[in-house]
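First to last, the sequence lines map onto chains A and B.
Using the working numbering, read the first sequence as starting at 1 and increasing by one per residue.
Using the working numbering, read the second sequence as starting at 1001 and increasing by one per residue.
Don't read these hints as lab results, they were simulated from the structure.
Here the structure is a predicted model, which means the values were calculated and not measured.
Quick reminder that beta carbons are idealized off the backbone N, C-alpha and C, glycines included.
A few of these clues could be false.
[Unchecked claim] Straight-line C-alpha distance at most 20 Å; calculated SDA-like pairs for lysine to any residue:
| hint | chain 1 | residue 1 | chain 2 | residue 2 |
| --- | --- | --- | --- | --- |
| 1 | B | K1007 | A | K129 |
| 2 | A | K45 | B | P1014 |
| 3 | A | K129 | B | P1014 |
| 4 | A | K45 | B | L1086 |
| 5 | B | K1055 | A | L64 |
[Claimed, not checked] Just a few of them, taken from the derived set where beta-carbon distance is under 10 Å, the chain A residues facing chain B:
| hint | residue |
| --- | --- |
| 6 | E17 |
| 7 | A18 |
| 8 | Y56 |
| 9 | M63 |
| 10 | I77 |
| 11 | H84 |
| 12 | T94 |
| 13 | D95 |
| 14 | Y105 |
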Amino acid sequence: MITIPASLLRRVYDHTEASYPYECCGLMIGAIGENKEVHAFRTCKNLNTERAHDRYDMDPLDMLRVEREFENSPWDIIGIYHSHPDHPSRPSQTDTDRAWPAYSYVIISVQKGTVATAQSWVLNEGERKFYEEPLITGDSK
Amino acid sequence: MSSVTVKIPTPLRPLTSGQAEVKVEGATVGEILQKLDAQFRGFGDRILDDGKNVKRFVNVFVNEDNIRDKEDLDTEVKAGDTISILPSIAGGL
């Protein structure tokens, strides 16, 4: 289960809508555990400019900066979000092929520029298969 | 020998008993990673191809520098450096 405060999720949605029709990505920071809680997010650059409409490749320097920013906090990078312009919020084969265990992968479907659905997925590494986890929209903090 | 701090990303922490960072001594990134592999079973398999190169979908930084822009596993480290191991994050439709 992953809990994201409504105000944070709205700002993530804003990022995905502003990036439409291209894919965008970012990192979610929060408390690790069976029940993950997101406390912050950071937008990251999509380095895949040739196929930005259907691929994302997160800038590793952005990830390094986020790691450094939160290294002395009680929080960690616990997941990734990315958008699927005009496609469902389900993981693609590319998503599955490139996924890492432990992280939550929140996929946001943006239809004609507006967020339609959002779902969170976690990789079962042994099966190399994603399973959906409940995405709870918590109260704004 | 230089003692450096190695930052472990969340997906690899099951291999390090949950430790988010580990102190290791060594002169190069390759030496450091080999020591981690000896200390934590399976660690090397996750980040190295044949023990010789960093896997394509893994990034290793010494402080702010990607070792692919330096000397890869031969990149030298000095006392107090921080090595960050970061998964490469990508996907798409």
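Consistency of the hints with the structure:
This hinted pair does not check out: B/K1007 and A/K129 have alpha carbons roughly 27 Å apart, beyond 20 Å. Among the hinted pairs, A/K45 with B/P1014 is inconsistent with the structure: their alpha-carbon atoms are about 28 Å apart, more than 20 Å. Simply put, A/K129 and B/P1014 have alpha-carbon atoms about 19 Å apart, close enough for the 20 Å limit, and the pair holds. Note on A/K45 and B/L1086: the hinted pairing holds, with a Cα-Cα distance of about 16 Å set against a maximum of 20 Å.
Proposed proximity of B/K1055 and A/L64 is supported: the alpha carbons are some 18 Å apart, at most 20 Å. Because the beta carbon of A/E17 sits about 17 Å from the nearest beta carbon in chain B, more than 10 Å, this interface hint is broken. Interface hint at A/A18: violated, since its Cβ lies 19 Å from the closest Cβ of chain B, which is beyond the 10 Å cut-off. Residue-level restraint check for A/Y56 holds (minimum Cβ-Cβ distance to chain B is 6 Å; threshold 10 Å).
Here the hint on A/M63 is kept, as its CB sits about 5 Å from the closest CB of chain B, short of 10 Å. Among the interface hints, the one on A/I77 holds; its C-beta lies about 6 Å from the nearest C-beta in chain B, closer than the 10 Å criterion. For the restraint placing A/H84 at the interface with chain B, the shortest Cβ-Cβ distance is roughly 6 Å, inside the 10 Å limit, so the hint holds. Restraint check, A/T94 versus chain B: the minimum CB separation of about 5 Å is within 10 Å; hint holds.
Checking A/D95 against chain B: minimum C-beta separation of about 4 Å stays under 10 Å; hint holds. Nearest Cβ of chain B to the Cβ of A/Y105: about 8 Å, under the 10 Å cut. The hint holds.
In summary, the numbered hints that this structure violates are 1, 2, 6, 7.
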